[in-house]
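J.: The primary structure of each chain is shown beneath.
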Amino acid sequence: MRLAEAWRVAWDALRANRMRSALTMLGVVIGVASVVLLVAIGTGTKQRVEQQVEGLGSNLLLVVPGRLDVGSAPALSPLTLQDVDAVGRVVGDPNRVAVTVASGATVRAGNREDFTTVQGVLETTPTVFARELARGRYLTRSDVDTGRRVAVLGDSVARSLFPDREAVGQQINVAGVRFRVIGVFVPLGQSLGVDRDDEVHVPVTAAQRLYGTQRVDAIAVKAPDRERIDELGERIVAELNGRHPGTEFSAVTQEQILGVLGDILGILTGVLAAIAGISLLVGGVGVSNIMLVSVRERTREIGLRKAVGARPRDIGVQFLLEAVLLTSVGGLTGMALGVGGALLVAAVSPIPAAVTWWSLALAFGVSAAVGIVFGVVPAQRAGRLDPVVALRTE
Amino acid sequence: MSRAPAIEAFDVSRTYELDGVSVPALRGVSLTVAAGDYVALTGPSGSGKSTLMHLLGGLDRPSGGRLVIGGREVGTLSAPELARLRNETIGFVFQAFHLLPRTSAVDNVALPLVYRGVGARQRRERAAAMLGRVGLGHRLHHRPNQLSGGEQQRVAIARALVTDPTVLLADEPTGNLDSTTGAAVLELLERLNVESGVALVMVTHDAEVAARARRRVAMRDGVVVTDSATDGGGGA
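From first to last, the protein sequence lines stand for chains Z and F. Its first residue numbered 1, the first sequence is counted upward by one per residue in UniProt numbering. Its first residue numbered 1, the second sequence is counted upward by one per residue in UniProt numbering.
Source of the hints: derived by calculation from the structure; they are not laboratory data. Keep in mind the model is a prediction, meaning the values are calculated, not measured. Backbone N, C-alpha and C fix where the C-beta goes; we use that ideal spot for every residue, glycine too. Wrong hints could be hidden among the right ones.
Pulled a few chain Z residues facing chain F out of the computed Cβ check, cut under 7 Å [as the list claims (entries may be wrong)]: (1) 16; (2) 304; (3) 307; (4) 309; (5) 387; (6) 389.
Only chain Z is shown next, with the shape it has when bound in the complex:
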């Protein structure tokens, strides 16, 4: 029998049992759709995180006490503003050095309040992190030097405290101390479910007084030269190690952060795909089951086909093609649903989703392969049926 002929026979057989074929496909449809959708979400999340890390500004070097590793506990910082000056000297330009000392605090304005992150920073922050203001102005050198009680609000905080008023020029109360709002940031949006506009910037000196500390949590450096960013990191770490014997420091680049985040998100995507793959496997078992039922049901047909000259191989191929057709039509439907679902998720929810060609190709290939793998046993059984016995079956 010619292959084209065999496809047609398989197709006719599936059409003859539309309901059953559709229900059998459903398992594969769900499996493939979830693989495509979940991989799209994983990939989309990874892409967005990468964009955001890159969006922090280019050539960024983060200097923190302790090791920056997955699973290591954050260390208490021994860094002070004197260390920041020292780092500035290593870099050769103090305007390329930013700091943060952050703490959660309740911020009030009138009868409204908001619990947010209050960050003590230098006037260099917009340069280093490429932050832009929507309104008003940012902190100045003199604000930092004098510990002036002025604040720049993230978009969310400004909306929360001043829903119907212009925030710039208003007074806010941070942990019992009054600050004057001088600016509002351009919104950044969400990242991994975290609202990046939920923050207030105040001069580091004012923050230290507020928290009763001399420390800074971390130092960020915008390296002047991308090529020598690692070397600069080493020199900064060496300088800090000299100033604080016994404490370890790390200088990490965006690439390193991206690498760590990429690893985590890659594992996450893999786990999601594997879970979805299990449902595809279950769908395949369903196909196998129905094919066995079909072989049994059509025993007489098989006997007759053999009597008129079908070889065992012809019968086997016919049933194998039926299984492959079931899973590939199911696979195509699942792909369409998965892509549609991903577009829907991306459009109506904050979860990013990016459909990749490789996931489509993989899902389709796997579903066709599932048809072959789970169709082989029923097909062999059909091919080996004794025509005499098959014809006698009622």
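Add chain F to chain Z, keeping to what the hints say.
T.: Coordinates of chain F only, in the frame set by chain Z:
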């Protein structure tokens, strides 16, 4: 007739293994079906006539003895070779018709040609012509459930003959039909036997039906007890 015999069986036996016990169904049958022969195969149930029928049609292989169909030794053929032999030399007609449901008469008749690799167009032409010969030229696109029992059996006969076989094996072809319809089917089979020279071997319970054959082979307990051809001094 000078043509080579269509089927020759020499001391053919067939034993089934049932739960480790050997059950002999045929105990040494010798039989020659000549080209254009018309044989009625009779015997009580369990006499081995169905087993012999399956062997003569190449659906099964003998446990002992020699079986030659269309000049080929069945015992030496692989399953695909046997399938091809059936396709080329044998036509089957069954008591229960065995038509494919949800498939038109013309496609049912064309089925053996599918396995011969004949193209779709030519298949349909030959199947339609064959249906015309059995008097169903007006029923080409009817499905089996739209046809009467007699018409279904005629479709089955057309399917058996579309490949131009040398032997037509009919297993109780009138068993599921009323007497009038049965007689018409029988007449059709006899007409085709004469017209196209296909040998007709028919298993039947019906003494009247058997009486119409040119040759009667009676079986009991796995052996041939009477063969009118040998009784008359002809045959092998």
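J.: All hints are to be evaluated individually against the structure, with a verdict given for each.
T.: Quick rundown of the hints versus the structure:
The interface hint given for residue 16(Z) is met, as the beta carbon of that residue sits about 5 Å from the closest beta carbon of chain F, less than 7 Å. At about 5 Å, the closest approach between the beta carbon of residue 304(Z) and any beta carbon in chain F falls short of 7 Å, and the interface hint on this residue holds. Look at residue 307(Z): its Cβ gets to within about 5 Å of chain F, closer than 7 Å, so that hint holds up. Among the interface hints, the one on residue 309(Z) holds; its C-beta lies about 3 Å from the nearest C-beta in chain F, closer than the 7 Å criterion.
The beta carbon of residue 387(Z) comes within 5 Å of a beta carbon in chain F, closer than 7 Å, and the hint placing it at the interface holds. Here the hint on residue 389(Z) is broken, as its CB sits about 10 Å from the closest CB of chain F, past 7 Å.
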